[in-house]
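Novice: So the chains spell out like this:
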Amino acid sequence: MYTAADLRKGLKISIDGEPYIVTDFQFAKPGKGQALYRTKMRSMLNGNSFERTFRSNDKFERPALEERKMQFLYSQVDEFHFMDVSNYEQVVIMKENLGDCVKYLVDNMEVDVLFFDNRAIGVTVPMFVALTVTKADPWAKGDTTGSDTKPVTVETGFVLQVPPFVNEGDKIQIDTRTGDYLTRVKE
Amino acid sequence: MLDIGGLRKRAALIQAVRRFFLDSGYLEVDTPILLPSIAPEAHIEPVPADGFFLQTSPELCMKRLLAAGADKIFQITRCFRRNERGSRHLTEFTMLEWYRTAADYHDLMVDCENLLQFLAQAMGGGNCLTWGESRINLTTPWERLSVAEGFSRYAPMTVNAALAADMFEVMLVEYVEPRLGQGRPTFLYDYPAELGALARLKHDDSKIAERFELYIAGLELANGFSELVDPVEQRQRFAEERQRIQAAGRDPGPMPEKFLADLERMPPAAGIALGIDRLAMLFMNASTIDEVVTFVPEEF
Chain A
1 MYTAADLRKG LKISIDGEPY IVTDFQFAKP GKGQALYRTK MRSMLNGNSF
51 ERTFRSNDKF ERPALEERKM QFLYSQVDEF HFMDVSNYEQ VVIMKENLGD
101 CVKYLVDNME VDVLFFDNRA IGVTVPMFVA LTVTKADPWA KGDTTGSDTK
151 PVTVETGFVL QVPPFVNEGD KIQIDTRTGD YLTRVKE
Chain B
1 MLDIGGLRKR AALIQAVRRF FLDSGYLEVD TPILLPSIAP EAHIEPVPAD
51 GFFLQTSPEL CMKRLLAAGA DKIFQITRCF RRNERGSRHL TEFTMLEWYR
101 TAADYHDLMV DCENLLQFLA QAMGGGNCLT WGESRINLTT PWERLSVAEG
151 FSRYAPMTVN AALAADMFEV MLVEYVEPRL GQGRPTFLYD YPAELGALAR
201 LKHDDSKIAE RFELYIAGLE LANGFSELVD PVEQRQRFAE ERQRIQAAGR
251 DPGPMPEKFL ADLERMPPAA GIALGIDRLA MLFMNASTID EVVTFVPEEF
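Chains as they are written, first to last, in my numbering: chain A, 1 to 187; chain B, 1 to 300.
Hints in this document: simulated from the structure, not taken from any laboratory.
Each residue gets a CB set at the ideal place from its N, CA and C atoms; glycine is no exception.
Treat the hints loosely; a few may be bogus.
Within a straight-line C-alpha distance of at most 25 Å, the following computed DSS-like cross-link-like pairs (lysine-lysine) qualify [said to hold, decoys possible]: (1) A:LYS59 with A:LYS40; (2) A:LYS103 with A:LYS150; (3) B:LYS207 with A:LYS32; (4) B:LYS72 with B:LYS258; (5) A:LYS95 with A:LYS69; (6) A:LYS32 with A:LYS59; (7) B:LYS202 with A:LYS32; (8) A:LYS103 with A:LYS171; (9) A:LYS32 with B:LYS258.
Chain A residues, not near chain B, derived (Cβ > 10 Å throughout) [claimed, not checked]: (10) ASP84; (11) VAL102; (12) PHE158; (13) PRO163; (14) PRO164.
Derived Cβ-Cβ restraints for the label pairs, each shown as a range [what the hints assert, rightly or not]: (15) A:ASP112 with B:ASN127: 50 to 60 Å; (16) A:THR153 with B:CYS128: 30 to 40 Å; (17) B:CYS128 with A:GLU96: 47 to 57 Å; (18) B:ASN137 with A:THR176: 45 to 55 Å; (19) A:ASP6 with B:VAL296: 13 to 23 Å; (20) B:VAL296 with A:THR176: 25 to 35 Å; (21) A:ASN46 with B:GLY183: 19 to 29 Å; (22) B:ALA122 with A:ASP6: 52 to 62 Å.
For reference, chain A alone in the conformation it holds in the complex (with noise of 0.2 Å):
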């Protein structure tokens, strides 16, 4: 049980039996009046926002949540299917609950998955991933636009801007939180 003493950006809370993550949190106590605490959420089954204010006696139940390691196996146009490799068993996430995650998964990709009420309904994938180039155009020669970087398609479709020595077919690694590129991988 939380209290609305304990709200803080990232707490996952359950409002009306349903999950919640709180993006954005601000504390306001007018002198001698009664706390508030005024918070944007995110709905962690359908990523529907909106804002409350909570007062200090609210409480809130801990959301249901489990995570478990799977393997990513493959894609069918929305829908994406993981594997829980100690059983077998399978789950569909569609491709709106993954959010930025789709730029970054691959077949056999171990992931986190997240479960609500034994359904499957995130993803977390590694903070850095390496991924291979499938599309790079030659680095145009006397750019004199001033860019040192140049944009390529890696295997997801994912487009993001590198170096200008990354060539088609090399390996990157990319950190999955702000979507830049890191390094070039040696194989």
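Following the hints, complete the assembly by docking chain B onto the known chain A.
Specialist: Then chain B, alone, in the frame of chain A:
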């Protein structure tokens, strides 16, 4: 953590505050921080300490000094309020309080005008303050807006409707406060009686307490009032606050009997509390309270 420049600026500000009061004939006092009983206030939760309480304000001790014959006193001290932490709140914070006899809340508003102008000069800002995007002209007189006017001007419901719906704080925070003290400081005054447990009620309207808050660029800086000096009425108000505290499942602690006894002898007076850390936010152009104190608890 403050760097050397920040430490110097904070020190200069506190020294200027002290100079203002000493030059105005005030006596600096230092009262105990660890107390066996404190004023029961429904929305201010004390930090318990070894059977005592850390002070939430030096108010009761300073008023007892007035009862003992002091006429103009000030104090810069640490106060502690449980469960208060945010970009403008610290559980442990620094408070300036001053009290004077034969004065009321209107006199305190003038004190605030004089103090802030003195500080702006001392800190090299002329007659203006720049805080983030806001530029505040300190030329007097500042805006004086009653709570009722503030609600009818800025909020979607009247102050009485907000009180009846237990929405006073929500309306104040969402609609009224952000509009106060823009361009020049605002005194929001004449609060509903139930929001001033230690304030005198207006002689011609017992629903209104002679209390005000000072706002600069939406930031609440000070809370002052004409002091309630009737011990019978004060005991009654404390009893009501204690009931509200008990209803919320907390222990109100013992009634401050020695204070109530001394109140018999206390002359008419006015007193005010001003947050030194918030003042430092303004003069150091800091958007959070964390930027103006040496350490915040999270740094340990």
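Novice: Indicate, hint by hint, whether the structure satisfies it.
Specialist: Hint check:
{"no.": "1", "hint": "A:LYS59 with A:LYS40", "verdict": "16 Å, holds"}
{"no.": "2", "hint": "A:LYS103 with A:LYS150", "verdict": "18 Å, holds"}
{"no.": "3", "hint": "B:LYS207 with A:LYS32", "verdict": "17 Å, holds"}
{"no.": "4", "hint": "B:LYS72 with B:LYS258", "verdict": "21 Å, holds"}
{"no.": "5", "hint": "A:LYS95 with A:LYS69", "verdict": "19 Å, holds"}
{"no.": "6", "hint": "A:LYS32 with A:LYS59", "verdict": "22 Å, holds"}
{"no.": "7", "hint": "B:LYS202 with A:LYS32", "verdict": "19 Å, holds"}
{"no.": "8", "hint": "A:LYS103 with A:LYS171", "verdict": "15 Å, holds"}
{"no.": "9", "hint": "A:LYS32 with B:LYS258", "verdict": "23 Å, holds"}
{"no.": "10", "hint": "ASP84", "verdict": "38 Å, holds"}
{"no.": "11", "hint": "VAL102", "verdict": "35 Å, holds"}
{"no.": "12", "hint": "PHE158", "verdict": "36 Å, holds"}
{"no.": "13", "hint": "PRO163", "verdict": "36 Å, holds"}
{"no.": "14", "hint": "PRO164", "verdict": "40 Å, holds"}
{"no.": "15", "hint": "A:ASP112 with B:ASN127: 50 to 60 Å", "verdict": "58 Å, holds"}
{"no.": "16", "hint": "A:THR153 with B:CYS128: 30 to 40 Å", "verdict": "54 Å, violated"}
{"no.": "17", "hint": "B:CYS128 with A:GLU96: 47 to 57 Å", "verdict": "51 Å, holds"}
{"no.": "18", "hint": "B:ASN137 with A:THR176: 45 to 55 Å", "verdict": "49 Å, holds"}
{"no.": "19", "hint": "A:ASP6 with B:VAL296: 13 to 23 Å", "verdict": "18 Å, holds"}
{"no.": "20", "hint": "B:VAL296 with A:THR176: 25 to 35 Å", "verdict": "31 Å, holds"}
{"no.": "21", "hint": "A:ASN46 with B:GLY183: 19 to 29 Å", "verdict": "43 Å, violated"}
{"no.": "22", "hint": "B:ALA122 with A:ASP6: 52 to 62 Å", "verdict": "42 Å, violated"}
The earlier numbered hints that this structure contradicts are 16, 21, 22.
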